[in-house]
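Colleague: Numbering (the working numbering), first residue to last: 2 to 77.
Hints in this document: simulated from the structure, not taken from any laboratory.
Note that the coordinates shown come from a computational prediction; the quantities given were computed from them, not determined experimentally.
C-beta atoms are modelled at their ideal positions from N, C-alpha and C, and glycine is treated no differently.
Check before you lean on any hint, since a few could be wrong.
Said to hold, decoys possible - Label pairs and their computed distance ranges (CB to CB):
| hint | residue 1 | residue 2 | range |
| --- | --- | --- | --- |
| 1 | Val-20 | Asn-44 | 21 to 27 Å |
| 2 | Val-25 | Thr-49 | 30 to 36 Å |
| 3 | Thr-49 | Trp-23 | 23 to 29 Å |
| 4 | Arg-19 | Met-51 | 34 to 40 Å |
| 5 | Asn-18 | Asn-44 | 35 to 41 Å |
| 6 | Gly-34 | Leu-65 | 29 to 35 Å |
| 7 | Thr-21 | Leu-46 | 21 to 27 Å |
| 8 | Leu-46 | Gly-14 | 35 to 41 Å |
| 9 | Pro-40 | Leu-65 | 17 to 23 Å |
| 10 | Thr-49 | Ala-6 | 25 to 31 Å |
| 11 | Ile-47 | Arg-19 | 37 to 43 Å |
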Amino acid sequence: MAFPAIAAILIGGASVNRVTIWHVMIGTFLFQGILTMTPTVVNALIKTDMSETIRIIVSNGMILYALTRKEGGSRG
């Protein structure tokens, strides 16, 4: 599935119309950091093993957030 790659690119600051290699590099660093820290934080707060479920929610949440903050262009 391409969801992790898309989430990494979008969290790096890419928009729907413009993507650069810097967006990919920054997004990969941030996305991997979030995915690495999420299970530790969740397991400290909730005493059950929900790490994979939380990873999916975080990944899809980042995609949803990045796509909903799309800047509108002007026509004219």
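Colleague: It remains to establish, for every hint, whether it holds in the given structure.
Modeller: Hints, verified against the model:
Distance hint check: the CB atoms of Val-20 and Asn-44 are about 34 Å apart, inconsistent with the given range 21 to 27 Å. The beta-carbon spacing between Val-25 and Thr-49, approximately 34 Å, falls within the hinted interval of 30 to 36 Å. Hint check: Thr-49 to Trp-23, Cβ distance near 38 Å, so the stated range 23 to 29 Å is violated. For Arg-19 paired with Met-51, a C-beta distance near 36 Å keeps the hint of 34 to 40 Å intact.
One distance hint, 35 to 41 Å for the beta-carbon pair Asn-18 and Asn-44, holds here, with the actual separation near 39 Å. The hint said 29 to 35 Å for the Cβ distance between Gly-34 and Leu-65, and at roughly 19 Å that hint is violated. The hinted range of 21 to 27 Å is not satisfied by Thr-21 and Leu-46, whose Cβ atoms lie roughly 36 Å apart. At roughly 29 Å, the beta-carbon separation of Leu-46 and Gly-14 lies outside the given 35 to 41 Å, and the hint is violated.
The beta-carbon spacing between Pro-40 and Leu-65, approximately 21 Å, falls within the hinted interval of 17 to 23 Å. A hinted range of 25 to 31 Å for the beta carbons of Thr-49 and Ala-6 is consistent with their spacing of about 29 Å. Checked against the hint of 37 to 43 Å, the pair Ile-47 and Arg-19 passes, with Cβ atoms roughly 38 Å apart.
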